[in-house]
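S.K.: Each chain is listed here by its residues.
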Amino acid sequence: MIELKDVYKTLDGRKILQGLNLHIREGETYVIIGRSGTGKSVTLKNIIGLMKPDSGEVNIMGQCINNMGKEESYALRQKMGVLFQSGALINWLNVEENVALPLVEHQRHLSKSEVQSIVQHKLELVELEHAGKRMPSELSGGMKKRAGLARAIVGNPKIILYDEPTSGLDPVMSNQINDLIISMQEKLGVTSICVTHDMSSAYRIANRIGMIYEGQIIEEGTADQIKNSQNPIVKQFISGSTVGPLTQ
Amino acid sequence: MITSSKQYIGNTGRQIVEIFANMGFICRLFWATMKCYKSLAFRGRVILDQFFICGIQSLPVTLIVGVFTGMILALQSGLILKDYRLENYIGVVILLTMCKEAGPFMTAFILAGRVGSAMAAELGTMKVSEEIDALEVMCIDPVEYLVFPRMVALAICAPILIVYVNLLGVLGGAVVAKYQIGLEPVIYFKRILIYMSTYNLTIVFAGLFKGIVFGFIITSVSCAYGLRARNGAEGVGEAARQSVVYIFLLVLISNYFMSALIERIFGS
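Protein chains in written order, with the UniProt record's numbering: chain A, 1 to 248; chain B, 1 to 268.
Please keep in mind that the hints were generated in silico from the structure rather than gathered at the bench. Using N, Cα and C, we set each Cβ at its ideal position, and we do this for glycine too. There's no promise every hint is true.
To be verified - In silico lysine-lysine, DSS-like type, Cα no more than 25 Å apart, as pairs:
| # | chain 1 | residue 1 | chain 2 | residue 2 |
| --- | --- | --- | --- | --- |
| 1 | B | K82 | A | K70 |
| 2 | B | K38 | A | K70 |
| 3 | B | K38 | A | K112 |
What the hints assert, rightly or not - Residues on chain B that point at chain A, a partial pick, calculated with CB under 10 Å:
| # | residue |
| --- | --- |
| 4 | F42 |
| 5 | M126 |
| 6 | E130 |
| 7 | E131 |
| 8 | I132 |
| 9 | E136 |
| 10 | M138 |
| 11 | C139 |
| 12 | D141 |
| 13 | Y179 |
| 14 | Q180 |
| 15 | E184 |
| 16 | I187 |
| 17 | I192 |
| 18 | E234 |
| 19 | G237 |
Given the sequences, and given the hints that come with them, work out the whole structure.
M.R.: Written out as structure tokens, the structure is:
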């Protein structure tokens, strides 16, 4: 479904991705973990197409996106939805208008009532049907993320990417978001990629977890395999210990 | 000493490269925005919103500036003209100065400070809070969605604001001419009307063309800096500050060349 082959990326002279290889299967939820600044978000941006790798290949649904033109790239992106860390709602549009935005822009043949009905359905999926008229500034952090998720799924994507979906949320709200991610996989059958350093979230939602370190995936496996990993870097990261190879 | 000289040369070189890179980005953005003309009808509502924000909300400050610019011009030119017993021509002097230079120039500066900085800050905030990325992901071209409506709105409302500034400048001038120079408003306006009916006024209205160009400059520069903002709130502030500086410089430089061109084509 998604494949990154030997991807390199340098930003401002700093090597971020250094030969990253990743293979994500259709319908699974893959969680990328790692310390801040190790290239998790850059990996995500390379998959979405917001960044191009310096070298290597990014294949999405059998298509190499490295040299794609704008039209092809847009066509592929319409099969993806992204939940940004902050929700990234357009601040002058209310929740309904934000969720409706991709439909209004790309499916101009839809009537107002059809758009309204789709938006309402998506808001119900994220349990936000009561907040459609609120502005982004009136929403809590969790509500913003749920609204962002409703917008991400409004075009019925085949792939959903989550960038730190639980950061800045209290444990209860974090679990609500985790449940939503699981339900998206169950109800919509989507392939999900989640970038996080919240291990409880990773264990809960992941079919597989990959740890990124120095621009490469150094360990990959199910939640149990990661919990029982003998790799000292992985062990230190998941335990949160201040002593170990990550802090040397 | 040698090290600090090398550092100075290095920094200067970097700044020059950065200026050219920014200019290149501004030109590319302008061209990309021009290519969005097909979406004019679809973006009508947003253009109207922007017209309200850029134009209508700028009216109070623009009008105050217009009146006082006319008053200053009337005072300074009136005192000199009075010495030569030419005070009857104050109105003509103010009309020409306002329409040719002061009106477009002052309007551009107001729009740069009020609208340009706000545009840079707004787009900069959207950039650092990933809203621009979100648009890209939704396959919505940020240039078409954000820059194009702003550019169209400002290119329309800048000439309209210039007309208001010019009118109020002339009116403000009449007040000063009456109470400080002692020229009756009837003579003031009569001389203006005689001038307008006698001479080719293309050159006067060419000032409105400047307004359209200034509208393009203000939007291109402020949106370019906004779209390239980085590093959170600090980066947004920097984008707003730099955009105003560059707009001022570009307005000043382009104004000279436009004036020279207009005088060459239409001048006597």
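S.K.: Please go over all the hints and tell whether each is borne out by the structure.
M.R.: To see whether the hints hold, each was checked on the structure:
no., hint, result
1, K82(B) with K70(A), "violated (66 Å)"
2, K38(B) with K70(A), "holds (17 Å)"
3, K38(B) with K112(A), "holds (23 Å)"
4, F42, "holds (8 Å)"
5, M126, "holds (8 Å)"
6, E130, "holds (4 Å)"
7, E131, "holds (5 Å)"
8, I132, "holds (9 Å)"
9, E136, "holds (6 Å)"
10, M138, "holds (5 Å)"
11, C139, "holds (4 Å)"
12, D141, "holds (8 Å)"
13, Y179, "violated (46 Å)"
14, Q180, "violated (47 Å)"
15, E184, "violated (51 Å)"
16, I187, "violated (51 Å)"
17, I192, "violated (44 Å)"
18, E234, "violated (16 Å)"
19, G237, "violated (18 Å)"
Violation of the numbered hints given earlier is confined to hints 1, 13, 14, 15, 16, 17, 18 and 19; the remaining hints are satisfied by the structure.
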